[in-house]
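**Q** Chains F, E, Y and P with the ligands: place on chain L using the hints.
Top to bottom, those sequences are chains L, F, E, Y and P.
Quick note on our numbering: the first sequence kicks off at 1 and runs consecutively.
Quick note on our numbering: the second sequence kicks off at 230 and runs consecutively.
Quick note on our numbering: the third sequence kicks off at 459 and runs consecutively.
Quick note on our numbering: the fourth sequence kicks off at 702 and runs consecutively.
Quick note on our numbering: the fifth sequence kicks off at 1074 and runs consecutively.
To be clear, the hints were calculated from the coordinates, so they are not data collected in a lab.
Any given hint could turn out to be false.
Derived EDC-like pairs: lysine to aspartate or glutamate, alpha-carbon spacing no greater than 20 Å straight-line [claimed, not checked]: (1) P:K1348 to P:E1335; (2) Y:K870 to Y:E910; (3) Y:K870 to P:E1282; (4) Y:K760 to Y:E776; (5) E:K611 to L:E6; (6) E:K490 to E:E688; (7) Y:K870 to Y:D786; (8) E:K649 to F:E235; (9) F:K272 to L:D219; (10) L:K86 to E:E628; (11) E:K490 to F:E403; (12) P:K1242 to Y:E897; (13) E:K670 to E:D532; (14) Y:K760 to Y:D706; (15) F:K244 to F:E234; (16) E:K537 to L:D194; (17) E:K495 to E:E691; (18) L:K86 to E:D580; (19) E:K537 to L:D219; (20) E:K611 to L:E174; (21) Y:K870 to Y:D882; (22) Y:K870 to P:E1335; (23) L:K43 to F:D448; (24) E:K542 to E:D532; (25) E:K701 to E:E663; (26) Y:K976 to Y:E878; (27) Y:K976 to Y:E1025; (28) P:K1242 to Y:E910; (29) E:K649 to E:D568; (30) E:K670 to E:D682; (31) E:K490 to F:D363; (32) E:K490 to F:E235; (33) E:K611 to L:D80.
Covered by chain Y, according to a simulated footprint, are these stretches of chain P (three or more residues, beta-carbon under 8 Å) [what the hints assert, rightly or not]: (34) 1319 to 1332; (35) 1348 to 1362.
As the structure is a computational prediction, the values presented were derived from the model and not from experiment.
Glycine included, each C-beta is placed from N, C-alpha and C at the ideal position.
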Amino acid sequence: MLTPEEWTAVALSLKVAFWATFWSLPLAVLTAWVLARASFPGKGLLDGLVYLPLVLPKVVVGYLLLLTLGARGFIGQYLDAWFGIKLIFTTAGATVAAAVVSFPLTVNAIRLALEAVDRGLETAARTLGASRLDVFFSVTLPLMLPGILSGALLAIASALGEFGATITFVSNVEGQTRTIPLAIYSATHVPDGDAMALRLTLVSVVLALGSLLLAGLVDRRIRRMIGRA
Amino acid sequence: MLTPEEWTAVALSLKVAFWATFWSLPLAVLTAWVLARASFPGKGLLDGLVYLPLVLPKVVVGYLLLLTLGARGFIGQYLDAWFGIKLIFTTAGATVAAAVVSFPLTVNAIRLALEAVDRGLETAARTLGASRLDVFFSVTLPLMLPGILSGALLAIASALGEFGATITFVSNVEGQTRTIPLAIYSATHVPDGDAMALRLTLVSVVLALGSLLLAGLVDRRIRRMIGRA
Amino acid sequence: APGALSAGEAPGDPPTVFAAASLTNAFQDIGKLYQQKTGRPVRFSFAASSALAKQLEAGAPAAIFASADNRWMDYTEGKDLTLKVTRVTPIGNSLVLIMPADAAKDVTIDASFNWLAFLGADGRIATGLTDSVPAGIYAKAALTSLGAWDTVKPRIVGAESVRAALALVERGEAVAGIVYSTDAAIARNVKVVATFPAGSHPPVEYPFEIVKGQDNPATRALLDFLTGPEAREVYTKYGFAVK
Amino acid sequence: MIEIDIRLARAGGFALECGFAVPGSGVTALFGRSGAGKTTVIQAVAGVVRPDAGRIAVKGEVFFDSARGIDVPIEARRTGYVFQDARLFPHLSVESNLRYGERRSRAVERPVRFEAVVELLGIGPLLTRRPHTLSGGERQRVAIGRALLAQPRLLLMDEPLAALDEARKAEILPYLERLRDETRLPILYVSHSIDEVLRLADTLVALREGRQVAAGPVAQVMSQPAMLPVLGRFDLGTLLECVVSRHDPAYALSSLAFAGGELRVPQVARAVGEKVRARVRARDVAIARTRPEDVSVSNLLPAVVEEVRLREGPYADIMLRVGEARLASMVTRESVERLALSPGLVVWAMIKSVAVDSRNPEFTEPPQRHGA
Amino acid sequence: MIEIDIRLARAGGFALECGFAVPGSGVTALFGRSGAGKTTVIQAVAGVVRPDAGRIAVKGEVFFDSARGIDVPIEARRTGYVFQDARLFPHLSVESNLRYGERRSRAVERPVRFEAVVELLGIGPLLTRRPHTLSGGERQRVAIGRALLAQPRLLLMDEPLAALDEARKAEILPYLERLRDETRLPILYVSHSIDEVLRLADTLVALREGRQVAAGPVAQVMSQPAMLPVLGRFDLGTLLECVVSRHDPAYALSSLAFAGGELRVPQVARAVGEKVRARVRARDVAIARTRPEDVSVSNLLPAVVEEVRLREGPYADIMLRVGEARLASMVTRESVERLALSPGLVVWAMIKSVAVDSRNPEFTEPPQRHGA
Ligand SMILES: Nc1ncnc2c1ncn2[C@@H]1O[C@H](COP(=O)(O)OP(=O)(O)OP(=O)(O)O)[C@@H](O)[C@H]1O
Ligand SMILES: Nc1ncnc2c1ncn2[C@@H]1O[C@H](COP(=O)(O)OP(=O)(O)OP(=O)(O)O)[C@@H](O)[C@H]1O
Ligand SMILES: [Mg+2]
Ligand SMILES: [Mg+2]
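The shape of chain L in the complex, shown without the other chains (with noise of 0.2 Å):
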């Protein structure tokens, strides 16, 4: 059905929407969680950076990774000197650019669902002796669970999708960064390449129905939990 080059691209799509979306989380949940209910100066600035990545043309988002993340990068030299990671032309950094770039969506789901957890309950778990960190795990968390799971389809359909930041920031080495949509934009850009970008379609559709069926369930089984089925 696929090639084995198909298949290669289909495996890396998944590792890295997988792996963006892993590692943004726990920093969406932060960022919401500031965004919403903290306030300090300098937050509206904060709100916009997170953003950012969604106003721009993700092929811009891409270069300003490279003029940070590249090796030659004001942070990037940094992290291979020090510490021997190197995104450009890795599946790190094809992890990086999925991760920035749905990390605005994230976010943004997140909050909501955070905006709409009662606070009444926050206030009534530190009367029974909560500190807030414990109750922002013990009571706010769960109850934003939908959000923080719609968040995180979002950060994978957006990963699964992402394609102008990787190619810019990335570029296209094959087995290493050449996601689906890379292979797609290969075979539109040939004079047949029709059926192939229509194959590595179908499989983008399938994936993307997949997570959402899964999302379903376990949202589901989430409301059940949280009693708000």
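**A** Relative to the frame of chain L, chains F, E, Y and P with the ligands by itself:
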């Protein structure tokens, strides 16, 4: 500061982002409602369909739009023949592309907000004589406003950053379809275009921050209005 | 917006030229000259040749298609979208090897050139996507004919456009790049260290054709202007090989 | 006529089964302990939960009938539901909350006036406020007003007064009584307070663990032995059907004639000849062997001891016959011995205080039973 | 010692200003009409709202002091707060809700046992359920249990029993009393029910429109004229400080000696010699000019009329002197004339029923006042 050409791109971007959001919002609210509240066979499919533009590379989305809504497209030909609506090369087409790409984000934000609405209040409204539809407009919708706002913001942001689907669907025509991201793309193909690309990137950033600021103000007012402040 | 929906290709609109993105700067200059001379404006749409070809296929009302390689022109011809009889190929390009200006060392590319020594331990070489972006396709062809493809392939990074490949070399992220000479000419901080032998790859050509149904005197005049002497001057200025 | 005959099982094991028919006007109290199923019954009538099977009809209009597949939508039932939790709309001001249902009622049918409700509930100063700034009691008052202004054809009240102070309760109860009498609005009323129930209700439905223990006119139900575990001991008493016989404006007193004689009570707002109901709590009835002279107790009635029931603890229940009527009294066992109370003994009943309910007498006719 | 002296203004115009110091153990009732500011005071103590200025200290520990910039975080205050709305965690089972605070308390300090609380509140069958499937009363019971199990050093209860039936209330109150006595847990208790207040409270703080009307020991506060508008007329009464003088197990009665003689009451669970408090409602006191013979009323005390106050309506307030004690009585104006009651007249007070509160007598000592 900006060249007339750049101003055109900025104005066009704003126009496209605004109208894309304006037209897709009601449909997004309806879709979110159906996904959150109704249950019917094939709902999973609809769910998947909604998220598709997110999971597919934008270039593919644009290509699919071209296939369906282009002048020879299987819907597009009737749009033209029956209503005289031409999408290809036109701002209207760019608007459609932006709307399609941002649709999943909008739906997701609105859906989360909808799920957070206390159904007990809807029941209360019905005991007071309000029909389902009436309840929706008088109780559910106002309580969803922060989510809708958040969805609109995401829609505007992603419309401002949309590139792949637009250039593939409606090409890159100055004054018609050359939005900021396309202008940045063009700028990178011109010698000394870097300065222009940078300027336009800055404009994007300013627009993003501005709309966030505006959204924040509106959001605070809405929350005060619905007693969630 | 009612306004947004009604905008379209009205009869009085200027003709639209579909041009490969690499022609952006040259065509913009030529367009200005054309308007100065004839008083008639021209509209351009710059995108990847593939995207433009697909748009033509979907019924985009363009007048002229200027492709960055023959394959897509053959494609539109084959679909009966553009008129073979109007085909002209006024310009070409050459494929060059570039390096960051600060690390540049002139080399000669031939069958015996030691790519691995040239690239160093883990150096990368940037070019367009080797199966879709024209520059990348030519690079692959050239390396293959030089017998170096298999050794170099793991080091190749394919960018979404020649410009992106250029950026990787400019930034020093890649040790070298394979791009068109025109691209190298407009880039700062990179230096051409070698030109690929002309025979190592199919000629880089930019075929122009008139779109079916648009073959009228006005379009002909425009096509003539695009291949005329004023245009040739502009092409030269941007480093194209004028034929 | 309100006919309810439903079965409903809930996840956690609770099952409701009850069937009763009560008059289509007047107040029907649903009485029972926490978790007995009172709210569930109310919800079924409102259409908020759907019974597994059964039938619900109000004044001849069928709301639900599983046999005939009828299930009228919530909004078409027009049941003014006051929820146990107030459920005010957070996005609307107090005034808009109040107007919500009013706007949706037919203009020609608005017996409940906005100003009257605001005045009565003392919520005038709150009209521009948002619900989240209200105190618990204020919220409940607004919820009551909102339900009333929806001009319902049936009022469902789920412990509406629990969050209110005595003074406020004392103000609202007469208004509900007036509403009941003037608009003939039937009211289904859930309460834990037997005082509230006795004051307001014509009909009583007692629930216990989802089962209907008793249903019928208050006076009749209250005397059923099945009610003993439902009612607390101190709340036992007697209901007397009376007719206003005389007013004594100088002392602000009225006289009520009943089967056993005449009662002097604080002035009632009913014309002479009208029927009223008086409630005498057993603990408010003392017994004397000889007629006490010069006591402040206004009501001294000759009586015969019918029955003496000694109970655990210090108390005994004495049933007295006063003329044609029966009267319960609660005294200490010590007093029973001291006075040598035994059936047949002729005594005097001293009634220290009487609660009079000026209900519209036509509602006291016994309803036809239906169902379980 | 619980010292509260706070000022707080809310949007909407409401301003709270109150200052009182009450003993650091025993029950302090916050009493007042809907919207008086009771919940606001409780919230300030819990740390849920921050006063504009003032000081809050519990047992020497300062929770809040605007002058010294102290504002202890909510969780460090360990106030077991039972909210007016139950606020159960929807994502946790009933058992996990109950355990939530328990887990977060220090294991060495757990006087309140899980099993005891579950047993007492009758929530054993609900342990595996989710909050959204509970009835209103069940929810409130779980909320009470959750607060108790957090092993608080102070219990804040905002109308915790309003949603409960009389029988359940009657079960929970003694447990709270025991808790109060055994763990010396101070309780701040908001209630509309003067009966509940009198039964539970040692100290009473009365609020009216955000102002403190009175504060101090219950007996002292209840007799203040400022309390008249706060209390309903029917709730007037007298509190008598008594000593248990004798038990009469045969009749399940006890005798209490007080400054005016002796009272016979249902048996109290206190040893002879212990102090208890008895409450006599004015409406439960009748007056006779001559000693009535052979009446079931157990308590007949010689008295002297001190004052006669005629009121509007049918009633009059009579102040009696019984030995050293004073006793309020409520009779009809008609009786005043019929018996020719006037100051100086020697009469008999007939006390039909007495509510006795077996509180730990050491809590009745007057607290030091502080602030406003
Ligand atoms: N967040 C708020 N903003 C503005 N006003 C408020 C707010 N919360 C309470 N109030 C007002 O403060 C006053 C006191 O409220 P509080 O909740 O303390 O009353 P309460 O004595 O507990 O009454 P209830 O018995 O009805 O619960 C009320 O008039 C109320 O409307
Ligand atoms: N959604 C539900 N799922 C499962 N059980 C439920 C649900 N709602 C209520 N119950 C159970 O049904 C029983 C009756 O509940 P209901 O709310 O009718 O009681 P109630 O008589 O109104 O009690 P209260 O006076 O405490 O409000 C209770 O035992 C309750 O736990
Ligand atoms: Mg209930
Ligand atoms: Mg309150």
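**Q** Decide, hint by hint, whether the structure agrees.
**A** Tested hints:
no. : hint               : result
1   : P:K1348 to P:E1335 : 13 Å, holds
2   : Y:K870 to Y:E910   : 28 Å, violated
3   : Y:K870 to P:E1282  : 18 Å, holds
4   : Y:K760 to Y:E776   : 17 Å, holds
5   : E:K611 to L:E6     : 18 Å, holds
6   : E:K490 to E:E688   : 11 Å, holds
7   : Y:K870 to Y:D786   : 17 Å, holds
8   : E:K649 to F:E235   : 31 Å, violated
9   : F:K272 to L:D219   : 15 Å, holds
10  : L:K86 to E:E628    : 19 Å, holds
11  : E:K490 to F:E403   : 14 Å, holds
12  : P:K1242 to Y:E897  : 16 Å, holds
13  : E:K670 to E:D532   : 14 Å, holds
14  : Y:K760 to Y:D706   : 15 Å, holds
15  : F:K244 to F:E234   : 15 Å, holds
16  : E:K537 to L:D194   : 14 Å, holds
17  : E:K495 to E:E691   : 15 Å, holds
18  : L:K86 to E:D580    : 12 Å, holds
19  : E:K537 to L:D219   : 49 Å, violated
20  : E:K611 to L:E174   : 9 Å, holds
21  : Y:K870 to Y:D882   : 18 Å, holds
22  : Y:K870 to P:E1335  : 36 Å, violated
23  : L:K43 to F:D448    : 15 Å, holds
24  : E:K542 to E:D532   : 9 Å, holds
25  : E:K701 to E:E663   : 10 Å, holds
26  : Y:K976 to Y:E878   : 15 Å, holds
27  : Y:K976 to Y:E1025  : 17 Å, holds
28  : P:K1242 to Y:E910  : 18 Å, holds
29  : E:K649 to E:D568   : 19 Å, holds
30  : E:K670 to E:D682   : 17 Å, holds
31  : E:K490 to F:D363   : 59 Å, violated
32  : E:K490 to F:E235   : 17 Å, holds
33  : E:K611 to L:D80    : 24 Å, violated
34  : 1319 to 1332       : holds (count 4)
35  : 1348 to 1362       : holds (count 6)
Checked against the numbered hints listed earlier, the structure breaks hints 2, 8, 19, 22, 31, 33; every other hint is satisfied.
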